[in-house]
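Chemist: For the protein sequence lines, the chains are A and B, in the order given. FYI, the numbering for the first sequence is 0 to 189, going by numbering that gives the first Met the number 0. FYI, the numbering for the second sequence is 0 to 189, going by numbering that gives the first Met the number 0.
Watch out, some of these pointers could steer you wrong.
Unchecked claim - List of simulated lysine-lysine pairs, DSSO-like, C-alpha gap at most 30 Å:
id, chain 1, residue 1, chain 2, residue 2
1, A, Lys54, B, Lys59
2, B, Lys103, B, Lys54
3, A, Lys137, A, Lys34
4, B, Lys59, A, Lys180
5, B, Lys180, B, Lys141
6, A, Lys180, B, Lys137
7, A, Lys141, B, Lys180
8, A, Lys101, A, Lys131
9, A, Lys59, A, Lys113
10, A, Lys180, B, Lys131
11, B, Lys54, A, Lys101
12, B, Lys137, B, Lys103
13, B, Lys34, B, Lys101
14, A, Lys34, B, Lys137
15, B, Lys131, A, Lys113
16, A, Lys34, A, Lys2
17, B, Lys180, A, Lys54
18, A, Lys34, A, Lys101
19, A, Lys59, B, Lys59
20, A, Lys103, A, Lys113
21, A, Lys103, B, Lys54
22, B, Lys101, B, Lys54
23, A, Lys54, B, Lys54
24, B, Lys141, A, Lys137
25, A, Lys141, B, Lys2
26, A, Lys141, A, Lys59
27, B, Lys59, A, Lys101
28, B, Lys141, B, Lys131
29, B, Lys180, B, Lys59
30, A, Lys101, B, Lys141
31, B, Lys2, B, Lys141
32, B, Lys141, A, Lys141
33, A, Lys180, B, Lys101
34, A, Lys141, A, Lys131
35, A, Lys54, B, Lys141
36, B, Lys137, A, Lys141
In short, the hints are calculated from the structure, not lab data.
There are 2 protein chains.
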Amino acid sequence: MSKIVSVGVSGRHVHLTQEHIEMLFGEGYQLTEFKPLSQPGQFAANEQVAVVGPKGEFAKVRILGPARPASQVEISRTDSFAIGVPAPVRESGNIEGTPGIKIKGPKGEIELDKGVIVAARHIHFHTSDAAKWGIADKQLLKVRVGGERGVVFENVIARVSDSFALDMHIDTDEANAAGVKNGDSAEIVE
Amino acid sequence: MSKIVSVGVSGRHVHLTQEHIEMLFGEGYQLTEFKPLSQPGQFAANEQVAVVGPKGEFAKVRILGPARPASQVEISRTDSFAIGVPAPVRESGNIEGTPGIKIKGPKGEIELDKGVIVAARHIHFHTSDAAKWGIADKQLLKVRVGGERGVVFENVIARVSDSFALDMHIDTDEANAAGVKNGDSAEIVE
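Next comes chain A alone, as it looks inside the complex (with noise of 0.2 Å):
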C-alpha cells in the first residue's frame, strides 16, 4: 500500500502569546482570520509583523493563529543567513537555548529573549491514518518526492494526533530544493 501524503510548505511565519499580540497591536487586540491552514482550528491570520535581526529584516511576516503559550519565530536556513540569525532546526515549541529576535508591530515592538527556529519537517497524522500505516508518534520517516529536483528526505517527524489532518510540513529551502510546491503529493518510503 503506497503512502501518500500531501505536501504544505511553509513560508516564514510567526507564533504569538496573547499578550505579545497585545503588545504589538494593541490591548485587547485580537488576531483575525485571513484563511485557514490544514491543522483543524488553525489560521493565517491578517496581522502581520516585522522580524528584525542583526543583518537584516523581513517586513511582512504573517503571524498564525490561535495565540499559543510561547511566541516562536519560523523562518527557512535561506532566511537565517539573510538576517544573520542561526537559527537552529527544532520541532515546533521546542524553543530553550534558540536564538531571539526583535518584532514590530504597528502599536509597539518586543524583543523575544529565544524562540527562533528553523522548522523540522514533518507529518501530521490523525491518529486512523497513522495506526492504518503502522506508523508511531515520533518515528522518523524517509520521504520522496520525485521530479527532475526529486529528494528523498530522511528525518521526517512522525506527529500523531486526535486533533491532527494528514499534511506533511517542510519550508520553503526544502520546497525550492525537491521543486515541489503546496499540495503536491510525497510518498513515505521507509
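Got chain A; can you put chain B on it based on the hints?
Modeler: For chain B alone, coordinates are given in the frame of chain A:
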C-alpha cells in the same frame, strides 16, 4: 568502495561574454581574480553586477570567470521568486528558451534575452575518478548527505572530463534544505 565527494555550494552568480563584460565595465576591460574555484582555471572575479528582475533585484552578484561564449545568470528557486523571474532547472550552457534579465554594471547595462537558470545539481568527475567508480558522462546519480536534515538527491548529473576536478555542485536551496555547507561530504549511493 564508498564513493565520497566533497560538496561545493554555489550562490547566485553570473557568467558573461567578453562583449558583455566590456558593455558593463568599459572597453577592453578584463575580469580580475578574487579567488580560484574548484574547477581548474575557473575563478570568482572581484567584479560584481546588479541583476534586476520585475519583482526585485540583487545588488551585488559575483561574476565567475573566465569570460564565456554565452552570458548566463544562475540563481536559486528562492531567488527566482524574490525577483520574479521563472528560471527553469537547466544544465549550465543549456539556455535556449530560458528567461532574460537586466544586468547593471558600473559603466553600462545590458538586457539579456535569455540565460537565467536554476543550475541542475551535478558532480564534476575527472575522467580517472569516473573510470575508477564506473560512472559515465551524463549518468544520473543518487547522492546522499547525512545529518539532522539528511537528504538523498536524485537526478544528480555526472559530468566527466579530463579538465574537471571531483566536486559536487548544489545551490543554496539544496544546501540549506540538507543542512550542508561548503566542503562537506556526500556519498554517491546509486
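Chemist: Each of the hints needs a verdict: does it hold here or not?
Modeler: Each hint, compared with the structure:
1. Under the criterion of a C-alpha separation no larger than 30 Å, the hint pairing Lys54 (chain A) with Lys59 (chain B) is consistent with the structure, at around 16 Å.
2. Between Lys103 (chain B) and Lys54 (chain B), the direct Cα distance comes to roughly 16 Å. Compliance with the 30 Å bound is thereby established for this hinted pair.
3. Taking the CA atoms of Lys137 (chain A) and Lys34 (chain A), the gap is about 28 Å. The hint holds against a cut of 30 Å.
4. Restraint check for Lys59 (chain B) and Lys180 (chain A): satisfied, since their Cα atoms lie roughly 29 Å apart, inside the 30 Å limit.
5. Taken as a hint, the Lys180 (chain B) and Lys141 (chain B) pair is honoured in the structure, with Cα atoms around 19 Å apart against an allowance of 30 Å.
6. At roughly 27 Å between alpha-carbon atoms, Lys180 (chain A) and Lys137 (chain B) fall within 30 Å of each other, so this suggested pair holds.
7. Using a Cα cut-off of 30 Å, the hinted pair Lys141 (chain A) and Lys180 (chain B) holds, with the two alpha carbons roughly 22 Å apart.
8. With a C-alpha separation of about 44 Å, the suggested pair Lys101 (chain A) and Lys131 (chain A) falls outside the 30 Å cut-off, and the hint is violated.
9. Distance check on the hinted pair: Lys59 (chain A) and Lys113 (chain A) sit about 20 Å apart at the alpha-carbon level, within 30 Å; holds.
10. In summary, the hint linking Lys180 (chain A) to Lys131 (chain B) is not supported, as the alpha carbons are separated by about 38 Å, beyond the 30 Å threshold.
11. A threshold of 30 Å between alpha carbons decides the hint, and for Lys54 (chain B) with Lys101 (chain A) the separation of about 27 Å falls inside it, so the pair holds.
12. With a CA separation close to 35 Å, the supplied pair Lys137 (chain B) and Lys103 (chain B) exceeds the 30 Å bound.
13. Distance check on the hinted pair: Lys34 (chain B) and Lys101 (chain B) sit about 26 Å apart at the alpha-carbon level, within 30 Å; holds.
14. This hinted pair does not check out: Lys34 (chain A) and Lys137 (chain B) have alpha carbons roughly 45 Å apart, beyond 30 Å.
15. For the hint linking Lys131 (chain B) to Lys113 (chain A), the alpha-carbon distance of about 50 Å lies beyond 30 Å, and the restraint is violated.
16. The suggested pairing of Lys34 (chain A) with Lys2 (chain A) holds, with an alpha-carbon distance near 28 Å, which does not exceed 30 Å.
17. As the CA atoms of Lys180 (chain B) and Lys54 (chain A) are separated by approximately 20 Å, the hinted pair is consistent with the 30 Å bound.
18. For the hint pairing Lys34 (chain A) with Lys101 (chain A), the CA-to-CA distance comes to about 26 Å; that is within 30 Å, so the pair holds.
19. Using a Cα cut-off of 30 Å, the hinted pair Lys59 (chain A) and Lys59 (chain B) holds, with the two alpha carbons roughly 23 Å apart.
20. Pair hint Lys103 (chain A) plus Lys113 (chain A) holds up; C-alpha atoms about 16 Å apart against a cutoff of 30 Å.
21. Between the alpha carbons of Lys103 (chain A) and Lys54 (chain B) the distance comes to roughly 24 Å, so the proposed pair stays at or under 30 Å and holds.
22. About 12 Å separates the Cα atoms of Lys101 (chain B) and Lys54 (chain B), which keeps this hinted pair within 30 Å; it holds.
23. A hinted pair counts as satisfied when its Cα atoms are at most 30 Å apart, and Lys54 (chain A) with Lys54 (chain B) qualifies at roughly 22 Å.
24. For a cut-off of 30 Å, the pair hint linking Lys141 (chain B) to Lys137 (chain A) stands: about 27 Å separates their Cα positions.
25. Between the alpha carbons of Lys141 (chain A) and Lys2 (chain B) the distance comes to roughly 22 Å, so the proposed pair stays at or under 30 Å and holds.
26. The hinted pair formed by Lys141 (chain A) and Lys59 (chain A) fails the criterion: a straight-line CA distance of about 33 Å is larger than 30 Å.
27. Using a Cα cut-off of 30 Å, the hinted pair Lys59 (chain B) and Lys101 (chain A) holds, with the two alpha carbons roughly 27 Å apart.
28. Pair hint Lys141 (chain B) plus Lys131 (chain B) holds up; C-alpha atoms about 17 Å apart against a cutoff of 30 Å.
29. Of the supplied pair hints, the one linking Lys180 (chain B) and Lys59 (chain B) holds, its CA atoms being roughly 21 Å apart against a limit of 30 Å.
30. Straight-line distance between C-alpha atoms of Lys101 (chain A) and Lys141 (chain B) comes to about 41 Å, which puts the hinted pair past the 30 Å bound.
31. Under the criterion of a C-alpha separation no larger than 30 Å, the hint pairing Lys2 (chain B) with Lys141 (chain B) is consistent with the structure, at around 11 Å.
32. With a C-alpha separation of about 15 Å, the suggested pairing of Lys141 (chain B) with Lys141 (chain A) holds against the 30 Å cut-off.
33. Between Lys180 (chain A) and Lys101 (chain B) the CA atoms are separated by roughly 27 Å; this keeps the pair inside 30 Å, and the hint holds.
34. Restraint check for Lys141 (chain A) and Lys131 (chain A): the C-alpha separation of about 17 Å stays at or below 30 Å, so the hint holds.
35. For the suggested pair Lys54 (chain A) and Lys141 (chain B), the alpha carbons sit about 36 Å apart, so the restraint of at most 30 Å is broken.
36. Restraint check for Lys137 (chain B) and Lys141 (chain A): satisfied, since their Cα atoms lie roughly 27 Å apart, inside the 30 Å limit.
Hint compliance for this structure: hints 8, 10, 12, 14, 15, 26, 30, 35 are broken, all remaining hints hold.
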